[in-house]
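Visitor: Residue numbers (the working numbering), protein chains in the order written: chain A, 1 to 258; chain B, 1001 to 1321.
Worth double-checking, as some hints may not be accurate.
30 Å max Cα-Cα, derived DSBU-like pairs, lysine-lysine [as the list claims (entries may be wrong)]:
| hint | chain 1 | residue 1 | chain 2 | residue 2 |
| --- | --- | --- | --- | --- |
| 1 | A | 151 | A | 138 |
| 2 | B | 1126 | A | 138 |
| 3 | B | 1106 | A | 53 |
| 4 | B | 1106 | A | 151 |
| 5 | A | 7 | A | 53 |
| 6 | A | 193 | A | 62 |
| 7 | A | 181 | A | 138 |
| 8 | A | 181 | A | 151 |
| 9 | A | 53 | A | 151 |
If you are wondering where the hints come from, they were derived from the structure by calculation, not from laboratory data. All values derive from a computational prediction rather than experimental measurement.
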Amino acid sequence: MMLQAQKIAKTYGEFRALDGVTLGIDAGEFVSVIGPNGAGKSTLINVLTGLLKPTAGRVYLKGQDITGVGPGRLARLGMARSFQLVTIFPGLTVLEVLQVAVTSRLRRGSCLFASLARDREVMAQATEVAELFLLPEKLSMVARQLPQGDKKLLDVASAFALRPEVILLDEPTSGVSTQEKHTVMAILVAAAKRMGIRSILQVEHDMDIVFGYSDRIIALHQGRILADGTPQALQENADVMRLVVGHQGRPPGFGRSA
Amino acid sequence: MKVYITLGLVLFLILAIPQLGWHYYTILTLSFFAYATVLLGLNLLFGYTGLLSFGHALFLGLGAYTTAWLTSVWGIRSMEVILLTAMVAAVLVAAPIGALCVRYVKIYFGMLTLAFGMLFYSFLLKFYHLTGGDEGMRVLRPLLLGCDLSGMPKISFLIGPYYYYLVTVLVIATGVMWRLVTSPFGLWLKAIRENPVKAEALGVRVRRYRWYAFLISAVYAAVGGALLGPTIGQVDPGLTYWTQSGYLVFMTLLGGCGYFFGPLLGALVFIYLQDALMSMVPYWRLVFGAMLAVLVLFAPEGLLGLLTSRRGRKTVQVAVS
């Protein structure tokens, strides 16, 4: 088991955002978390990435207790995340954004007097990631000037550049136009394979994407797990269809496969 | 290429100044060297890491008082020993203060640094037997590279050996700072400035690196202060008063905090302008206040921003990154 969460609870006063959530992700799995707004998806991902400390329960990465250790240490332990809203370094160039991640992975931050420009290893790895994410011509562009879709890609690319074993993607296609969504997903899946990322957990609203790419789907409702199974199984689960999928007014499409 | 030509020209001018015979302006340039060193450090914290310190005069004063203390109390006059001692003192003082301050950002960081600056000011003022109180302390002429130059007239010493000594220190300090900001370390500081949450998610230890930046900038400020000591000959608590910290921030903004050389230009213009204005009008602060307002409103990138924006974005990028 790569990532495991046991009986996670998170309460804000009276409100129970998460109520006894237990889940696990194996190596090689692509898992999606779905649920209507307020179901606790974002809270869950923030707890899993150590940004929030759960009120109760524990999180394990490859058997190691990582409850509340914080995103910085998690990144160094082999788990990275991307954010729902685009979070980049607006004033840095695409190359620099990727270099931050690569130097972090290679533990170069304390090289006070090393020249970054002459570091071939960092450069090679940063450009490799840029190529996987179709950004190579934009390396010298300042991140804030990128089109919205590219910003999103850059955000995800910088998380991939850490070469984590587990990656958590918070709505990787939000803010991306419908036509581009499948392109983004195809890039993601191909990059994950190339870079040796073993498990992906994503939170996603678009049911096309969820049912088209996931090995397994976890449906959250009011802070609890409503269902956990293959896309096929969830498709046949009346509760899920009514409370989660139906809620968003979009029928799942099986038109594409990963 | 253009950058190198400009730098070469500037260095040539700087080396030529003492030969022009304007002793007064040559001595004024000594202050520039000292402040330029301080600002290189301040801008690592402000321009690169995004933390605005309103208490950096503390470290400037620490360096200046180190020179005074060592030369006139302990009789240690070797400038190299003085500089090293100032650096060590800066690290010792900045380590705990920085550890506390970098837990906060923005205005809270600024206010905390201001508070520590005022504490140090009060300490200098009140501990009369240690610091000479409001009269301050004398700075004796230091030995440069072990050479005793006490036989020279004061002016000849300042515009001769001391001038070139300061040029050397500033060139080294600038070179070291350039290496720092173009290293992975420098990139991490910029990442922290741009988006600390994202930086942390990418494995950057945000708080620790802010603390490193604080320490390095304190060391630079102390070195600058130590260089200032022999220039003015007498240090007093006024050096660490909060307005002094304000001037440091003003110089940085004046030159352009987004540029590596911005603060240096700011220091140069500030020092010469202040001197000119003080001899012309009694309310020179009024003029500076108005300038600051105009600057923030119409030229937020400072003088270097104005100079480079006309010549296209390319030079700007060279300067920033």
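Visitor: Are the hints correct? Go through all of them and say.
Guide: Each hint, compared with the structure:
Using a Cα cut-off of 30 Å, the hinted pair residue 151 (chain A) and residue 138 (chain A) holds, with the two alpha carbons roughly 11 Å apart. Among the hinted pairs, residue 1126 (chain B) with residue 138 (chain A) is inconsistent with the structure: their alpha-carbon atoms are about 59 Å apart, more than 30 Å. With a CA separation close to 25 Å, the supplied pair residue 1106 (chain B) and residue 53 (chain A) stays within the 30 Å bound. Between residue 1106 (chain B) and residue 151 (chain A) the CA atoms are separated by roughly 26 Å; this keeps the pair inside 30 Å, and the hint holds.
Taken as a hint, the residue 7 (chain A) and residue 53 (chain A) pair is honoured in the structure, with Cα atoms around 13 Å apart against an allowance of 30 Å. The suggested pairing of residue 193 (chain A) with residue 62 (chain A) holds, with an alpha-carbon distance near 20 Å, which does not exceed 30 Å. Restraint check for residue 181 (chain A) and residue 138 (chain A): the C-alpha separation of about 20 Å stays at or below 30 Å, so the hint holds. Using a Cα cut-off of 30 Å, the hinted pair residue 181 (chain A) and residue 151 (chain A) holds, with the two alpha carbons roughly 14 Å apart.
Taking the CA atoms of residue 53 (chain A) and residue 151 (chain A), the gap is near 29 Å; set against the 30 Å cutoff, the hint holds.
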